[in-house]
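Enquirer: Line order of the protein sequences matches chains P and W. For the first sequence, numbering that gives the first Met the number 0 assigns the number 0 to the initial residue and increments by one for each residue that follows. For the second sequence, numbering that gives the first Met the number 0 assigns the number 0 to the initial residue and increments by one for each residue that follows.
The set of hints was computed from the structure by calculation and includes no laboratory data. Any given hint might turn out to be false.
Per the computed footprint, the stretches of chain W lying under chain P, defined by three or more beta-carbons under 8 Å from a beta-carbon of chain P, are [to be verified]:
1) 12-23
2) 26-32
3) 109-115
Among chain P residues calculated to face chain W with C-beta under 10 Å, some are [stated by the list, open to error]:
4) Gly49
5) Gln50
6) Ala265
7) Thr276
8) Thr282
9) Ala302
10) His305
Don't be surprised by glycine CBs; every beta carbon is placed ideally from N, CA and C.
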Amino acid sequence: MRSRHRTFLYGFLIWLGLSLAGATVLTRAELARQQEAFTVQSNIAYRLLGQRLAQHDAILQMLALLQPPVQRIERLGALEAMFPQVMAIYREESDIAWANPQWQQAQLQSLKTERAVLTDVRLAQGRYVLLAAAHPASFAVLLDLNAAIAWDEWPFRRNGSPVRVVLEWQDQQWVISPGLDHAGPVVFQSGKTLASPSQRFQLHTRRVVSYADLPWGQVALFALASALLVALIIYVRKQREQTLRAQELLRIGQVGRLNSLGEMAAGLAHELNQPLTSVLANTQASLRLLQEDPPDLEPAREAMAHSVEQIRRAASVLTRLRHSLRESGLADQCYPLSLTQVLEESVHLLMPELERHGITLEKRLPPHDVDVVGEPVALGQIIHNLLNNAVSALGAAQISHPRIWIEVLPRQGRVVLTVRDNGPGIDPQHLDRVFEPFFTTRSDGLGLGLSLSESLAQAMGGGLTAFNDPMGGAVFALELQRVDEESS
Amino acid sequence: MNPTENGPSLSPLIHLLDDDAAVRQSLALLIGTVGLRVQTWADPQQFLESFDRQSIGALILDVRMPGISGLTLLDTLVEQGVDQPIILLTGHGTVDMCRRAFKVGAVEFLEKPVSDDVLLDAVQQAVRQHVRRRERLAADQWARKRYTSLSEREREVLALIVEGLTNKEIGRALSLSPRTVETHRANLFAKLQVDNLAHLIRYYASLVSASP
Numbered sequence: 000m001r002s003r004h005r006t007f008l009y010g011f012l013i014w015l016g017l018s019l020a021g022a023t024v025l026t027r028a029e030l031a032r033q034q035e036a037f038t039v040q041s042n043i044a045y046r047l048l049g050q051r052l053a054q055h056d057a058i059l060q061m062l063a064l065l066q067p068p069v070q071r072i073e074r075l076g077a078l079e080a081m082f083p084q085v086m087a088i089y090r091e092e093s094d095i096a097w098a099n100p101q102w103q104q105a106q107l108q109s110l111k112t113e114r115a116v117l118t119d120v121r122l123a124q125g126r127y128v129l130l131a132a133a134h135p136a137s138f139a140v141l142l143d144l145n146a147a148i149a150w151d152e153w154p155f156r157r158n159g160s161p162v163r164v165v166l167e168w169q170d171q172q173w174v175i176s177p178g179l180d181h182a183g184p185v186v187f188q189s190g191k192t193l194a195s196p197s198q199r200f201q202l203h204t205r206r207v208v209s210y211a212d213l214p215w216g217q218v219a220l221f222a223l224a225s226a227l228l229v230a231l232i233i234y235v236r237k238q239r240e241q242t243l244r245a246q247e248l249l250r251i252g253q254v255g256r257l258n259s260l261g262e263m264a265a266g267l268a269h270e271l272n273q274p275l276t277s278v279l280a281n282t283q284a285s286l287r288l289l290q291e292d293p294p295d296l297e298p299a300r301e302a303m304a305h306s307v308e309q310i311r312r313a314a315s316v317l318t319r320l321r322h323s324l325r326e327s328g329l330a331d332q333c334y335p336l337s338l339t340q341v342l343e344e345s346v347h348l349l350m351p352e353l354e355r356h357g358i359t360l361e362k363r364l365p366p367h368d369v370d371v372v373g374e375p376v377a378l379g380q381i382i383h384n385l386l387n388n389a390v391s392a393l394g395a396a397q398i399s400h401p402r403i404w405i406e407v408l409p410r411q412g413r414v415v416l417t418v419r420d421n422g423p424g425i426d427p428q429h430l431d432r433v434f435e436p437f438f439t440t441r442s443d444g445l446g447l448g449l450s451l452s453e454s455l456a457q458a459m460g461g462g463l464t465a466f467n468d469p470m471g472g473a474v475f476a477l478e479l480q481r482v483d484e485e486s487s
Numbered sequence: 000m001n002p003t004e005n006g007p008s009l010s011p012l013i014h015l016l017d018d019d020a021a022v023r024q025s026l027a028l029l030i031g032t033v034g035l036r037v038q039t040w041a042d043p044q045q046f047l048e049s050f051d052r053q054s055i056g057a058l059i060l061d062v063r064m065p066g067i068s069g070l071t072l073l074d075t076l077v078e079q080g081v082d083q084p085i086i087l088l089t090g091h092g093t094v095d096m097c098r099r100a101f102k103v104g105a106v107e108f109l110e111k112p113v114s115d116d117v118l119l120d121a122v123q124q125a126v127r128q129h130v131r132r133r134e135r136l137a138a139d140q141w142a143r144k145r146y147t148s149l150s151e152r153e154r155e156v157l158a159l160i161v162e163g164l165t166n167k168e169i170g171r172a173l174s175l176s177p178r179t180v181e182t183h184r185a186n187l188f189a190k191l192q193v194d195n196l197a198h199l200i201r202y203y204a205s206l207v208s209a210s211p
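Construct all of the structure, not just a fragment, from the sequences and the given hints.
Expert: Shown next as structure tokens:
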């Protein structure tokens, strides 16, 4: 259970790391996108305003050049219609001073610099006067910037735009759009002096990126996706781990059984060897005693009696062994279980091996589960051994299209599971020896796998037989007791 | 002269150690058919404590015994300087076990069940080997004892005789007259109880070269 907690902790940490990294990348990309947009919009605003101011210079130049008389200024309504920001036009003979001393000062400055001069600036209202000294008369226009901005071309919305746009001149400023006054982690801003030499206003734009502007939706989506990914990885790893564990269990069981079989064989050898030694020595001593002249009968008779006793002892060792095998208790551990399920598990465990050898596996199973009497680990071992045997037979013979067929045939009260391969089959000479302990044709085999499988099958009340298919290949048939639907 | 007269003159005795009573009985009977006496032992510890180390014969040990293995027992016996040849018997011998046994000094390594010819051959050969070994030991001791009875001059003369010098040459080497040398030579043969040069060399060549 501890390892499970650890898995979840690791999974959570990996997910956290992934999500943080994803959030950073997404936020950065979004901020870069917004900054790009801000810069482009600011530049557009700068250009649009610059064009307008250039128009103002052009209007004054035109007036100075055309020198329309005062009376005709009324008729300049067409001009005002074309340039709605022009609110009024003023004319004054150049040898007469302007009534407004500010204007007069601008007149002098304009004379000196020979270009239009700003005066009477009330930028808070967006209004100012542009005055140009000329001969015979000087002209001034009253301009209203509110009308100068063509809102359909303007990149920022007039109300509710998140960008604050301000025009500044000396200590005066005109707020074009107030922007949103909120706090935020990032601020974009830009400030530029407009290109007009007469109207040297500064355009300031500023945008505060609020937390609400960050790409929360994308981040959440990414976090969800990485959570799914991490969960998937954990799931796949767990599946693989379980497969490995199942394989290991099967292997340990097999090794354990083989070990105990080997130990039993060693013990058996010792227990039989002692009486055999005694019988041989006694018999040979008797022979020697009988060959003497005259034969020494009494000790020879005694030796023969000892031999008989020792032969009985050897026989009792074998009887004891048979009893202990019968009482090994596998029969008590048997219960009804699904053969189909055990079969599927065994096949699943050997799938990598089959794929490695390029073996095609064909299963012919009844559509419904078949229940048999058995012990799941032992049954799994038998099936595993049979499949493994087929795999090595096919591998050793280097068949070009190796195949294994598994068939489950329910009979009355019995089920027969056959494993057939298209290998070379079993040498007919060996056919009746394949279940003998320690009989093997493989150089790396112990010769106990099939013998053990047969013992296990018999202990479960079934049996295991081997034969060659008339079409070629070896067939192993495992017969088991079936649990009928009616009886269970 | 008889070099064995001081050693144990008992007839050979085979010590057989096996924890299985049937094996003890049958092997003892078999060995008995060739006229050898057998003493059987069931317990290695008791065997170690009480078997007669002076007896002439051989030891037969089972490798697999409760308490102490035949190989360990073999080690102990060799360490204690037991000179009886040792035959090991085993039910399931491995090449490794066999190699180890021979390395330590076993004379035979037999597998159970063992055929009579093989066992009896091995036992008889071991007994012969032990008798020879004991004889050689006794002869050595006997010769050494005689040698100590020689005078300094007689030992010098003996050393030169063994080297193959004639009386004349010995006289020249030791600044003696050939006649004196001849006297020493006669005394020396008498004291050592040998009657010809071949005997003398057989028993004393090694002693002469070993003495300062």
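Enquirer: Work down the list of hints and note, for each, if the structure agrees.
Expert: Hints and how they fare:
1. With 3 residues having a beta carbon nearer than 8 Å to a beta carbon of chain P, the stretch 12-23 of chain W meets the requirement of three or more and the stated coverage holds.
2. For the stretch 26-32 of chain W, the stated coverage by chain P holds: 5 residues have a C-beta nearer than 8 Å to a C-beta of that chain, and at least 3 were required.
3. By the rule of at least three residues with a Cβ nearer than 8 Å to a Cβ of chain P, the coverage given for the stretch 109-115 of chain W holds, with 5 such residues.
4. Taking 10 Å as the C-beta cut-off, the interface hint given for P:Gly49 is violated, the closest approach to chain W being about 102 Å.
5. Hint status for P:Gln50: violated, given a least beta-carbon distance of 104 Å to chain W, over 10 Å.
6. For P:Ala265, the interface hint holds, the least distance from its beta-carbon to any beta-carbon of chain W being 7 Å, beneath 10 Å.
7. The restraint placing P:Thr276 at the interface with chain W holds, with a minimum CB-CB distance near 4 Å, inside the 10 Å limit.
8. At about 9 Å, the closest approach between the beta carbon of P:Thr282 and any beta carbon in chain W falls short of 10 Å, and the interface hint on this residue holds.
9. Taking 10 Å as the C-beta cut-off, the interface hint given for P:Ala302 holds, the closest approach to chain W being about 6 Å.
10. Hint status for P:His305: holds, given a least beta-carbon distance of 6 Å to chain W, under 10 Å.
When each numbered hint is compared with the structure, violations occur for hints 4, 5.
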